[in-house]
Structure formats: C-alpha cells, structure tokens
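Trainee: With the hints as extra help, turn the sequences into a complete structure.
Residue numbers (UniProt numbering), protein chains in the order written: chain A, 149 to 549; chain B, 149 to 549.
Simulated from the structure, these hints should not be mistaken for lab results.
Nothing here was measured: the structure is a model prediction, and the numbers come from that model.
Errors might be hidden in some of the hints.
No copy is singled out in the list; a pair is fine if it fits within one copy or between any two copies.
Here are the simulated lysine-lysine pairs, DSSO-like style, with alpha carbons at most 30 Å apart [claimed, not checked]:
hint, residue 1, residue 2
1, K177, K488
2, K344, K356
3, K336, K385
4, K154, K517
5, K201, K403
6, K463, K473
7, K177, K517
8, K420, K385
9, K285, K435
10, K344, K324
11, K403, K336
12, K446, K522
13, K223, K435
14, K430, K446
15, K462, K522
16, K403, K415
17, K344, K385
18, K356, K336
19, K385, K356
20, K201, K223
Spelled out from the first residue to the last, the chains are:
Number of protein chains: 2
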Amino acid sequence: SSKSSKNLPVSSVTSIIDGLKRLYNQKLKPLEVTYRFNDFGSPLLTNSEFDAKPMVLLLGQYSTGKTTFINHLLKTSYPGSHIGPEPTTDRFVVVMSGTDERSIPGNTIAVQADMPFSGLTTFGTSFLSKFECSQMKHPLLEHITFVDSPGVLSGDKQRTERAYDFTGVISWFAAKCDLILLLFDPHKLDVSDEFKRVISSLRGNDDKVRVVLNKADQVDTQQLMRVYGALMWSLGKVLNTPEVMRVYIGSFHGKPINDAVGGPIGKELFEKEQDDLLSDLKDIPKKACDRRINEFVKRARAAKIHAYIISHLKKEMPSMIGKTKAQQKLIANLDREFGKVQREFHLSPGDFPNVEHYRESLSHYNIDKFEKLKPKLIQAVDDMLGYDIPNLLKNFRNPYE
Amino acid sequence: SSKSSKNLPVSSVTSIIDGLKRLYNQKLKPLEVTYRFNDFGSPLLTNSEFDAKPMVLLLGQYSTGKTTFINHLLKTSYPGSHIGPEPTTDRFVVVMSGTDERSIPGNTIAVQADMPFSGLTTFGTSFLSKFECSQMKHPLLEHITFVDSPGVLSGDKQRTERAYDFTGVISWFAAKCDLILLLFDPHKLDVSDEFKRVISSLRGNDDKVRVVLNKADQVDTQQLMRVYGALMWSLGKVLNTPEVMRVYIGSFHGKPINDAVGGPIGKELFEKEQDDLLSDLKDIPKKACDRRINEFVKRARAAKIHAYIISHLKKEMPSMIGKTKAQQKLIANLDREFGKVQREFHLSPGDFPNVEHYRESLSHYNIDKFEKLKPKLIQAVDDMLGYDIPNLLKNFRNPYE
Ligand SMILES: Nc1ncnc2c1ncn2[C@@H]1O[C@H](COP(=O)(O)OP(=O)(O)OP(=O)(O)O)[C@@H](O)[C@H]1O
Ligand SMILES: Nc1ncnc2c1ncn2[C@@H]1O[C@H](COP(=O)(O)OP(=O)(O)OP(=O)(O)O)[C@@H](O)[C@H]1O
Ligand SMILES: [Mg+2]
Ligand SMILES: [Mg+2]
Chain A
149 SSKSSKNLPV SSVTSIIDGL KRLYNQKLKP LEVTYRFNDF GSPLLTNSEF
199 DAKPMVLLLG QYSTGKTTFI NHLLKTSYPG SHIGPEPTTD RFVVVMSGTD
249 ERSIPGNTIA VQADMPFSGL TTFGTSFLSK FECSQMKHPL LEHITFVDSP
299 GVLSGDKQRT ERAYDFTGVI SWFAAKCDLI LLLFDPHKLD VSDEFKRVIS
349 SLRGNDDKVR VVLNKADQVD TQQLMRVYGA LMWSLGKVLN TPEVMRVYIG
399 SFHGKPINDA VGGPIGKELF EKEQDDLLSD LKDIPKKACD RRINEFVKRA
449 RAAKIHAYII SHLKKEMPSM IGKTKAQQKL IANLDREFGK VQREFHLSPG
499 DFPNVEHYRE SLSHYNIDKF EKLKPKLIQA VDDMLGYDIP NLLKNFRNPY
549 E
Chain B
149 SSKSSKNLPV SSVTSIIDGL KRLYNQKLKP LEVTYRFNDF GSPLLTNSEF
199 DAKPMVLLLG QYSTGKTTFI NHLLKTSYPG SHIGPEPTTD RFVVVMSGTD
249 ERSIPGNTIA VQADMPFSGL TTFGTSFLSK FECSQMKHPL LEHITFVDSP
299 GVLSGDKQRT ERAYDFTGVI SWFAAKCDLI LLLFDPHKLD VSDEFKRVIS
349 SLRGNDDKVR VVLNKADQVD TQQLMRVYGA LMWSLGKVLN TPEVMRVYIG
399 SFHGKPINDA VGGPIGKELF EKEQDDLLSD LKDIPKKACD RRINEFVKRA
449 RAAKIHAYII SHLKKEMPSM IGKTKAQQKL IANLDREFGK VQREFHLSPG
499 DFPNVEHYRE SLSHYNIDKF EKLKPKLIQA VDDMLGYDIP NLLKNFRNPY
549 E
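Mentor: Structure (structure tokens):
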C-alpha cells in the first residue's frame with residue numbers, strides 16, 4: 149500500500165538508535181529544514197549525536213576528587229589526567245573510547261563531524277582552548293563516555309580566571325548527558341555562590357543529578373553526619389525539587405577505605421554505597437535509550453508546532469501591499485497568533501515556545517518568504533510518531549542492555 | 149539626687165529576674181497601662197511570668213517518643229504520662245516542679261495567678277479541657293519545665309479530632325519557651341502538611357528549634373543516612389533559614405542502645421549525640437536569662453513607640469467639633485501619621501507596629517479619650533533602659549547558672 153511504502157522497513161534497521169537516526173533524516177529533518185526549526189531553538193541533529201555513547205558529567209568544587217573518581221572507575225589514569233590538592237584540571241575533558249591512546253585539542257574536536265561536539269563552537273575559541281578529548285581503548289568506555297570538568301572556584305577567582313561562559317558550557321553538557329554527578333568534599337562543604345549558579349544551570353535536567361559525598365572516610369562519624377546534614381539542607385533549597393536527591397556517601401578512589409577515622413561501620417556503609425553507585429552507572433545505558441526516544445518524540449512535537457506557527461504567519465500576510473506593516477503587527481501580537489494556532493490545531497498552550505524568544509528570532513526574517521503549510525511533511529512526522537517509533541520499540545531490544 | 153531617687157536600688161533586689169519584675173511594675177507597666185499597650189498587642193506581664201522556669205517544648209508526629217523522652221530525662225514517669233505505639237498523649241501537659249505529685253486540670257491552671265498560663269484562656273474551654281499540669285518534686289524540674297504535646301496527626305484526622313486552634317496553641321507555647329525540640333522517627337519520616345503548618349507556626353522562634361532524629365537504632369546505617377538526608381532536605385525548605393538546624397541523632401529512652409542494627413559505631417555516635425543534647429539542655433537556664441532581658445528591652449521599646457503614636461493621634465484631634473470625621477481621617481491615613489511620629493522622635497520605621505493590625509485595634513477606641521504625651525512616664529522607661537538594666541547586669545550573675 150502507499151501507506152506502508154512510506155514507513156521505515158524494520159528489516160533495514162539495526163537498532164532502535166539506528167532507526168531513530170534514519171527516521172530523523174527521512175521524516176523529521178525535512179520538516180525542520182523547511183521551516184528553519186534550527187534557527188528558532190535546537191540546531192539540526194547530526195548522525196554523530198545519535199551514535200554518541202551515554203555520557204556522565206562530573207561537577208564539583210576543585211579538589212573534590214572528580215578526576216580521581218574517573219580514574220578509579222577506569223582503574224587507570226586517562227591520557228592527560230592530572231590529580232592534585234590544588235585546582236588541577238583546568239579544562240573540560242571528554243574521556244571516550246578510541247583505538248589509540250591520545251588527547252585531541254578542543255578546536256579539532258569541534259569541527260569533527262563524527263563527534264557530537266560541534267555545538268560547543270558557539271562558546272568561542274577561548275572555551276575551545278580549554279576543551280579536550282582524551283581517548284583510550286577501555287571496556288567501560290565502550291559503554292559510557294565521561295566528561296571531567298575543571299573544579300568550580302569561589303566567586304572572584306572564577307570570574308577572573310575563566311574567559312568563557314562557564315555555566316553556559318555546563319548547561320550544554322547537562323542537556324546532552326545522561327547522568328550528572330555532583331561531587332562534594334566534607335572539608336570544603338560550603339556551597340559557594342558560583343557553585344549555586346552552576347547547580348541552578350542544571351535546571352530541567354534535575355532528574356539526571358546524583359550527589360556524591362566523597363572522601364567520607366576523612367572525618368569522624370559525628371562530623372560526617374553534620375556535614376551530610378548541612379549538604380542536604382542547602383541542596384534542598386538550591387535544587388528546589390520535592391524529591392530528595394540520591395546521595396552516595398563514600399570514598400571513591402583506588403585505595404582501601406580509611407577505617408581509622410570512620411571505623412568498621414563507616415567502611416561497611418561506604419562499600420554498600422559504592423556498590424549502589426556502580427549499579428546505577430551500569431543502568432545508565434539502559435536508561436539512556438529511553439531518554440533518547442523521549443527527547444526525540446518531544447523534539448518532533450515541537451518541530452510540528454513550529455511548522456504550524458510559521459505557516460500560519462505566512463498565511464496571515466497580505467498578498468500584495470502593506471507587507472512590512474503586516475509583519476510588524478504579527479510580531480507585535482504574536483501571543484494572539486499563537487492562540488489562533490492553538491485553537492485551529494487543538495494544541496496545548498504549554499507546548500508552545502516562549503513568545504519573547506520567538507519574537508526575537510522572527511525579527512531576523514521576512515515572514516512573506518516562509519513556506520506555506522505542507523500537509524505531507526506533517527503527515528510524515530505523524531506517521532513516524534504513530535507507527536514507526538512504536539514499531540521500532542516492538543521489534544528491537546534496548547541496544548545498550 | 150532626684151535622679152537616683154528614681155532609680156531602682158540594687159540592694160533591694162535579689163536577682164536579675166527579680167530586678168526586671170520590679171522594674172516592670174514600677175517603670176514600664178505604668179506606661180503600658182496609660183496608653184493601653186495590652187489592647188494593641190501583648191497582654192500585661194504578670195509576676196508569675198517572671199518567676200516561670202525556662203521551658204522546653206516537645207513537638208512531633210505521634211509516637212515519635214516525646215513522652216518517652218521526657219520520662220527518660222526525668223528517669224521516671226511524670227504523673228499522668230502515657231506511652232504507647234498508637235496516638236497516646238491527647239493533651240498539652242506542662243511538667244513542672246511541685247511539692248506534691250499531682251495533675252491539675254487546664255481550667256484550674258489557667259485561672260491561677262501564680263502560673264504563667266492565663267494567656268491560654270483565649271483558646272477556649274475546648275482547649276483547656278485538653279490542657280493539664282503535671283507536678284512532682286524533681287531536681288531537674290527545679291531548673292526546667294517541660295511541655296509535652298499531643299502528636300501531630302495527618303491532615304484529616306488532625307482537623308476532625310481537634311476542637312481548638314492547634315497551631316495557635318503551639319505558637320503561644322513557642323513564644324514562651326526557651327527551647328523547642330522537634331522529634332522525628334525514622335519509620336514515620338514524611339513531614340505531613342499538618343506538621344509543616346506546625347513548623348511554620350514556629351517562625352520568629354527558629355533560633356529555639358532543635359531537631360531530634362529519635363529511634364535511630366531501629367534502622368541500619370544506610371537507611372539511617374537516607375532518612376536523615378531526606379529530613380534535612382525537607383526541613384531546609386520548610387524552615388527557610390540559611391543556618392542549618394542542629395539535629396541530634398540517637399535513641400532517647402531509658403533502654404540501652406540497640407547495636408544489633410546500627411552496630412558499634414552507631415552506638416558510639418548516638419552516645420556522643422546524647423551527651424551533646426544533654427549539655428545543650430544544661431545551657432538552657434543560662435541562655436534563658438539573656439533571652440528574657442532581650443525580650444524585656446524589646447517590649448519596652450515597643451511600648452514607648454506605642455505611647456508616641458497614641459499621644460500623637462490624640463494631639464491631632466480637634467478640640468471642639470468634627471471629632472468623628474477627624475478620627476476617621478486619622479485612621480484612614482494611619483501610615484502617614486506613623487511617618488510623622490517617626491520623624492518627630494527619630495525612630496526607625498522597622499520598629500513600628502503593623503499598620504493594618506493597629507488600624508483594626510484603634511477602631512474600637514475613641515481617640516479623643518486617649519492620654520496626652522506624659523514625658524515623665526517616657527523618662528522613667530528611658531532611665532530603666534539606660535541605667536537600671538545595665539546596673540542590674542553589672543551587679544548580678546545569671547541566676548540560673
Ligand atoms: N576519595 C578520596 N579520599 C581521599 N583523598 C582523595 C580522594 N579522592 C581524591 N583525593 C585527593 O584529593 C585531591 C584532589 O583530587 P582530584 O585532583 O581528583 O580532584 P578534582 O576534583 O579533579 O580537582 P580539580 O577540580 O582541581 O581538577 C588529590 O590530592 C587526591 O589525591
Ligand atoms: N528511642 C526509642 N526507641 C525505640 N522505641 C521508642 C523510643 N522512644 C519511644 N519508643 C516507643 O515508641 C512508642 C511511642 O512512644 P511515646 O508514647 O513516648 O511517643 P509520643 O511521641 O509521646 O506519642 P504521642 O504523640 O502519641 O503521645 C512507644 O511504643 C515507645 O515505647
Ligand atoms: Mg580534576
Ligand atoms: Mg506522648
């Protein structure tokens with residue numbers, strides 16, 4: 149039938165992710181390109197973004213043990229890693245699988261089409277010179293990519309020493325990552341204003357955040373309880389979600405746990421917590437697939453709404469004279485036009501983009517040059533949402549399992 | 149000199165508290181009575197309020213171990229105490245020193261001039277029938293009075309079963325108390341909406357609040373950490389102070405700590421925490437004296453401002469006709485009149501009472517019947533603040549030390 153000819157034949161697909169990649173290119177991308185969805189929000193997706201492994205981002209004030217944590221999981225030092233009591237890691241480092249052991253500078257990674265980091269070019273060369281990719285052959289890196297980050301400094305230092313938009317970069321990684329580990333050190337507990345801003349920049353990705361109270365064997369039990377309590381007290385305020393964040397209490401490095409301070413129960417607790425964290429890390433790939441499907445579907449819905457809005461604005465333009473004035477009026481009353489689109493296509497107001505941002509993006513365009521509504525493009529996306537994606541889910545197991 | 153004749157001779161005073169009591173009756177009360185300060189805010193102080201021992205209020209959801217806690221500190225059961233797994237204590241019980249062991253019903257206590265509880269009559273007889281005083285001879289009760297309370301129930305039960313203003317009563321006790329212990333049980337951690345309201349009603353007395361995570365030996369260490377973290381997370385939001393509340397983690401009953409579950413470190417931790425809590429309780433009397441001086445001085449300042457406002461309003465009234473209209477105008481523009489008083493006497497706007505409440509209280513009066521400014525009454529309070537109180541502090545040690 150004509151219907152099935154439009155559908156993605158499952159036999160040609162190798163996995164859910166492969167299926168999404170093909171669906172994107174065949175069915176969603178044409179709609180996005182036609183109505184310039186990329187200029188109004190998210191850049192077009194690249195194949196490398198579909199192929200990217202699940203990512204774990206490490207964040208924390210300096211010297212909380214982020215680099216040590218990654219090396220501990222890898223049971224070896226990643227190429228170019230530095231560990232020390234003073235601020236050591238001075239850049240964002242993506243630690244990923246590769247055939248050779250090597251470091252690639254940020255400017256090079258950003259232009260590589262087979263890497264999902266081209267979006268970072270918007271943060272400028274002063275950022276790219278503080279960005280690096282560290283590759284090595286490692287069984288764990290077959291499944292997970294880690295992102296090590298420079299420690300958050302206290303206010304003034306932070307501002308003077310970073311020549312780029314630090315929280316912006318963190319937001320970018322937070323959106324792409326599958327898990328965000330916030331590391332704390334019981335000796336440096338106070339959550340600096342800078343770190344609060346960093347945590348706030350994770351908004352919208354709260355469900356990915358886990359907290360690690362590291363080096364817990366460095367203080368006695370009573371101190372540990374104070375420190376832990378104070379941490380929860382202030383995190384509860386900063387994160388502002390009713391669900392309590394999971395905190396792993398332990399000491400995540402290669403050495404045996406120091407039971408001179410915490411005692412045997414400390415050791416037992418920390419070992420249990422370490423096991424829990426490891427099994428959470430093992431779950432990431434499984435969850436990453438669900439997350440990607442979910443985000444893909446959300447993106448498709450947003451792209452459809454965008455197409456409805458753009459084609460509606462085009463339709464409202466006069467055919468002959470008074471175009472400039474009409475465009476000004478449409479932009480000025482954009483919220484009213486949004487309302488019309490909502491009613492015409494029975495859409496929920498909560499799914500609509502932010503009016504202010506949209507108005508700003510629109511102002512760079514000549515509305516008259518936009519495309520009319522093309523029902524076939526919409527139909528392709530509806531088919532994808534209603535048939536192809538459910539079909540993929542029925543025919544393939546989670547590729548990461 | 150005429151000046152010294154007005155001052156309180158230190159030789160006639162037996163303690164700081166005795167001095168405050170006499171100063172109140174000789175110097176502050178006359179000002180309060182003249183300008184009806186009691187009708188606009190705080191009732192007149194009674195001698196029994198000065199004589200009252202420092203009070204510790206226990207609050208918590210039902211069965212968290214409040215009654216057990218008091219009996220544990222007393223090393224005996226207070227008269228009329230009930231302990232059990234179901235909601236047991238069904239009333240507010242003031243546990244205080246007395247020559248005989250006995251319980252006195254609320255209606256009787258409320259009318260006793262030598263007891264500081266007459267203010268509770270405003271909560272009506274349905275409250276008074278759920279109020280009791282338990283007296284016994286006990287060395288600890290020589291220094292501290294305990295207030296046991298009925299456990300907070302979950303929403304609906306709370307509303308249907310209490311025929312009086314529960315949070316109002318708790319606010320009343322919170323203001324009079326020197327320490328407020330909030331008890332939690334790791335098995336019943338979830339802070340119900342009702343309990344949130346109770347905690348909110350402690351506002352303004354946040355510095356008196358301490359948290360007890362009781363029965364901590366009933367769960368294993370990993371569970372305890374979860375429970376404790378969740379508690380701090382939600383308390384941080386409810387209490388909304390940047391300072392972390394002190395939490396005592398332990399098991400506060402007469403029996404030995406259950407180290408089958410928590411293990412030896414649990415036992416050690418809980419014993420340290422118990423010691424810390426006991427020494428905090430020992431500090432209460434010392435701190436109570438500072439608190440009372442502080443509150444007394446605050447009250448004196450508020451009474452002076454009240455006198456300035458009242459006498460100013462009186463002065464603004466016409467001497468012959470148009471009194472009703474003038475009164476209406478003054479009340480309508482009360483904020484402007486407050487401004488005039490501020491400027492005339494160089495007072496800080498932050499020290500002024502709430503305009504709305506004041507307007508409401510004023511509406512019951514005939515402003516014309518108020519007293520003019522009596523400088524001698526003001527002078528007496530100024531002398532008290534500037535000379536008598538500092539002199540008391542110089543000549544007496546803290547009576548509770
Ligand atoms: N679990 C641990 N227990 C005790 N010491 C630790 C632990 N983890 C790391 N350290 C020590 O803490 C210091 C900082 O470690 P590391 O360099 O890994 O931190 P970092 O968070 O990567 O710091 P930066 O932000 O400066 O890169 C080092 O001296 C390291 O040996
Ligand atoms: N530290 C403790 N460890 C274990 N069990 C305890 C502890 N303290 C109290 N209990 C038990 O918990 C139950 C409730 O105790 P209790 O009656 O003292 O609580 P309460 O807070 O006064 O309750 P209510 O609000 O109903 O008056 C009783 O069965 C008591 O034996
Ligand atoms: Mg580092
Ligand atoms: Mg009780």
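Trainee: When Cα atoms must be at most 30 Å apart, do K430 and K446 count as within-copy, between-copy, both, or neither?
Mentor: within (26 Å within a copy, 60 Å between copies)
Trainee: If the cutoff is 30 Å on CA atoms, where do K344 and K385 land: within, between, both or neither? Let me know, please.
Mentor: both (10 Å within a copy, 16 Å between copies)
Trainee: At most 30 Å between alpha carbons: which applies to K177 and K488, within, between, both or neither?
Mentor: Within one copy only: 26 Å inside, 69 Å across.
Trainee: At 30 Å max between alpha carbons, let me know whether K403 reaches K415 within a copy, between copies, both or neither.
Mentor: both (12 Å within a copy, 27 Å between copies)
Trainee: Is the C-alpha distance from K344 to K356 at most 30 Å within one copy, between copies, in both cases, or in neither?
Mentor: both (17 Å within a copy, 28 Å between copies)
Trainee: With identical chains, the pair K177 and K517 could be close in the same copy or across copies; at 30 Å between alpha carbons, which is it: within, between, both, or neither?
Mentor: within (20 Å within a copy, 83 Å between copies)
Trainee: What label fits K420 with K385 when the C-alpha limit is 30 Å: within, between, both, or neither?
Mentor: Both. Shortest intra-copy (28 Å) and inter-copy (29 Å) distances satisfy the 30 Å Cα cut-off.
Trainee: Between K356 and K336, at a C-alpha cutoff of 30 Å, which is it: within one copy, between copies, both, or neither?
Mentor: Both. Shortest intra-copy (23 Å) and inter-copy (28 Å) distances satisfy the 30 Å Cα cut-off.
Trainee: With identical chains treated as interchangeable, where does the CA-CA distance between K403 and K336 reach 30 Å or less: within a copy, between copies, both, or neither?
Mentor: Within one copy only: 21 Å inside, 38 Å across.
Trainee: Indicate which option fits the pair K154, K517 if close means a Cα-Cα distance not exceeding 30 Å: within, between, both or neither.
Mentor: within (29 Å within a copy, 91 Å between copies)
Trainee: Cα distance capped at 30 Å. Does K201 pair with K403 within a copy, between copies, both, or neither?
Mentor: within (29 Å within a copy, 55 Å between copies)
Trainee: As a check of your reading, is K344 near K324 (CA-CA no more than 30 Å) within one copy, between copies, both or neither?
Mentor: within (20 Å within a copy, 37 Å between copies)
Consistency note: the structure conflicts with none of the earlier hints.
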